[in-house]
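Asker: Fit chain B to the known structure of chain A by using the hints.
So you can see what is in the structure, the chains are spelled out below.
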Amino acid sequence: MSPKSNEPDLSSLAGIDQVIHSPVRLMLLSYLYVVERADYVFLKNMSELSWGNLATHLNKLEQSGYVEIEKSFKGKKPHSSVNLTPQGRQAFRAYKKRMQQVLDDLPD
Amino acid sequence: MSTPISLRQTERKVFRAATNDGLTDVYLGCFFLMFVIAPYLSEYLGDFWSAAVFLPFFGLVWLLIRLARSNLIRPRLGGAEFGPARKARLRSFTTIMLVLNLLAFALGIFVFLNFAEMPLSTYPIVLGAMLLAGFSLGGYFMDWPRLYLYGLLTATAPLIGEYLWNEGLASHHGYPIAFGTVSAIMILTGLSIFIRLLRQYPISREEV
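Chains as they are written, first to last, in the numbering used here: chain A, 104 to 211; chain B, 1479 to 1686.
The following block holds chain A by itself, in its conformation from the complex (with noise of 0.2 angstroms):
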């Protein structure tokens, strides 16, 4: 059955990217949009977050392929830094895009 043409169509929810849609990925995903690279610790400071849940959504964004992980030591200390991979930045703006349509969309 075909909708009539005055309802609205809420199909496009669907279509949204569940990898970014998380508050939290989403937050990650903004602050590393507007720099080239963070650290760890400049992450952590920024989002509020624990270690643990970091690196849980970091590396969920690193399995989407959003983000570049680079572990390496200083002195004896490890250390990571983060960066949003040019597919991470695409899917940034494409879900910016959808996000900002879908709501759009929406009847008041």
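Any given hint could turn out to be false.
Quick list of in silico lysine-lysine cross-link-like pairs, DSSO-like style, CA-CA up to 27 angstroms [unchecked claim]:
# : chain 1 : residue 1 : chain 2 : residue 2
1 : A       : Lys199    : B       : Lys1565
2 : B       : Lys1491   : A       : Lys174
3 : A       : Lys174    : B       : Lys1565
4 : B       : Lys1491   : A       : Lys163
5 : B       : Lys1491   : A       : Lys199
6 : A       : Lys177    : B       : Lys1565
Don't read these hints as lab results, they were simulated from the structure.
Answerer: Chain B alone, transformed into the frame defined by chain A:
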């Protein structure tokens, strides 16, 4: 009420968080100490050497600030590299400050050569205007609102100093008192930010 999310504002927030450690304020405050101490030193060393002896002092402060940043601030706050827009903004700021400094240098030479023919009020007005311009540009390009306040303080300091000197309330054109106050405000502001950061963000032993 929620605040609207803006990527531009987010970038500013991230930039401020990464750079606002109070140590630049301390450095600026130490710079203006030159206006406090040099007038006394000039009685013994002359105008040139009384200012030149500050170069090693500035070097030492700069070195201490670098050490504090790498050993105390970076492990607590972490670090971020900024995007092309911010880098271009900082490049523009550097270029404009270079031009402003050259202009200040040229004006300084001009005033020095024509000192006898110029009204006494010219020097504090020109110095105040240059300082206000420099700090305002810094406030705009660096997104640090308190630099505008520093601009106003440093711009009025020579005028207030001259007034105090004319009234017989201060020596050396009032610079030690006027710039000493400005310098103290900058150093105390910087130190309070620095100490607050050290207390607020202990070094984490854990990293994933």
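Asker: All hints, please: hold or fail.
Answerer: Right, here's what the structure says about each hint:
A C-alpha spacing of about 24 angstroms is found between Lys199 of chain A and Lys1565 of chain B, which places the hinted pair at or below 27 angstroms, so the restraint holds. Using a Cα cut-off of 27 angstroms, the hinted pair Lys1491 of chain B and Lys174 of chain A holds, with the two alpha carbons roughly 26 angstroms apart. At roughly 25 angstroms between alpha-carbon atoms, Lys174 of chain A and Lys1565 of chain B fall within 27 angstroms of each other, so this suggested pair holds. Only pairs whose Cα atoms come within 27 angstroms are accepted, and Lys1491 of chain B paired with Lys163 of chain A is accepted, the gap being roughly 25 angstroms.
Our distance criterion of 27 angstroms between C-alpha atoms is met by Lys1491 of chain B and Lys199 of chain A, whose separation comes to about 20 angstroms. In summary, the hint linking Lys177 of chain A to Lys1565 of chain B is supported, as the alpha carbons are separated by about 25 angstroms, within the 27 angstroms threshold.
The structure fails none of the hints (numbered hints given earlier).
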